[in-house]
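Peer 1: Sequence:
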Amino acid sequence: MKKHSTLTSETNSNAAIRINKYLALCGVASRRAADRLVESGQVMVNGTVERALGITVRPGIDEVVVGGKILALPEEKKVYILLNKPRNYITTNRDEKNREKVLDLVDVRERVFPVGRLDRKTTGLLLLTNDGELAHRLMHPSSGVDKEYLAELDTPFQAKQLPVLTGGMRLKDTGEKTNPCKAKILQGGLQVVVTLHEGKNHQVRRMFRSLGYEVKKLDRTAYAGLRAGKLRRGEWRYLTSGEVEQLKQGGASP
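Under our numbering, the first residue of the sequence shown is numbered 13, with each subsequent residue one higher.
Calculated from the structure, these hints are not laboratory results. Just so you know, even glycine gets a beta-carbon here, dropped at the ideal spot from N, CA and C. One or more hints might be untrue.
Said to hold, decoys possible - Here are the simulated BS3-like cross-link-like pairs (lysine-lysine), alpha carbons at most 27 angstroms apart as the crow flies:
hint, residue 1, residue 2
1, Lys89, Lys260
2, Lys242, Lys133
3, Lys113, Lys184
4, Lys172, Lys113
5, Lys242, Lys229
6, Lys212, Lys189
7, Lys133, Lys113
8, Lys109, Lys184
9, Lys228, Lys109
10, Lys133, Lys196
11, Lys196, Lys212
12, Lys260, Lys90
13, Lys90, Lys33
14, Lys228, Lys242
15, Lys109, Lys172
16, Lys90, Lys109
17, Lys194, Lys184
18, Lys189, Lys229
19, Lys113, Lys89
20, Lys184, Lys172
21, Lys89, Lys109
22, Lys172, Lys194
23, Lys194, Lys260
24, Lys229, Lys196
25, Lys242, Lys189
26, Lys172, Lys189
27, Lys113, Lys242
28, Lys133, Lys33
29, Lys172, Lys212
30, Lys109, Lys229
31, Lys242, Lys194
32, Lys113, Lys212
33, Lys242, Lys172
34, Lys184, Lys229
35, Lys196, Lys184
Unchecked claim - Label-pair ranges, simulated between beta-carbon atoms:
hint, residue 1, residue 2, range
36, Gly72, Gln199, 49 to 55 angstroms
37, Lys33, Lys189, 19 to 25 angstroms
38, Asn213, Asp74, 27 to 33 angstroms
39, Leu85, Gly53, 31 to 37 angstroms
40, Glu188, Glu75, 33 to 39 angstroms
All chains should be built: construct the whole structure from the sequences, respecting the hints.
Peer 2: In structure tokens, the structure reads:
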């Protein structure tokens, strides 16, 4: 996969970064040359000349002036990525147990983050982006985004339980009520395709467990109409402009 030379979202947030890095990102000079600018008194921060190399600034908050010009970071390019998540990868940015993370699979300069989560054992489609506004909208319960899963069960699913599974059910572990969903039985009942609009924690596994089944394998086969196509496990691709536009309008066409 090709790399891009745009900034990470860290640099466009309000997180403090070292002054030499900030000057380099603004295109003023390399970090080493930026250190010399600071030491020579050519850098002002919030109206004060700063000569300490270790100072930090907060982009968008602190005013940094070099040569009479106020500096600003270039706007970060928005990226949208579809990943086919392998088993045993986690979707958090940090992990105290040093486990493999989905972000390790995506080779981009931008600081992307997963839209929603898939648990460690679940495989399948995961959207990653640095577009916080779109991510928030897609994750909001009112969005109605379709999430399709293929569940492989320990024993054949009984057709008579389909209305219970799809009609909105009480989860036995917490008593939570799920919203109605769609489901289709495959492979003599050993596989069931479930399409949800919500995303409670481990919801599909808990729904089947409440009915007496254990999910041996779980794969998210579609998200907001997006499908893996030729993407193999661990592979990713950028969304097309058309796919991005459809997501912004409420979901890609199936």
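Peer 1: Does the structure break any of the earlier hints, and which numbers would those be?
Peer 2: Hints 3, 4, 8, 15, 16, 21, 25, 28, 33, 37, 38, 39, 40 are the ones this structure does not satisfy, whereas the remaining hints hold.
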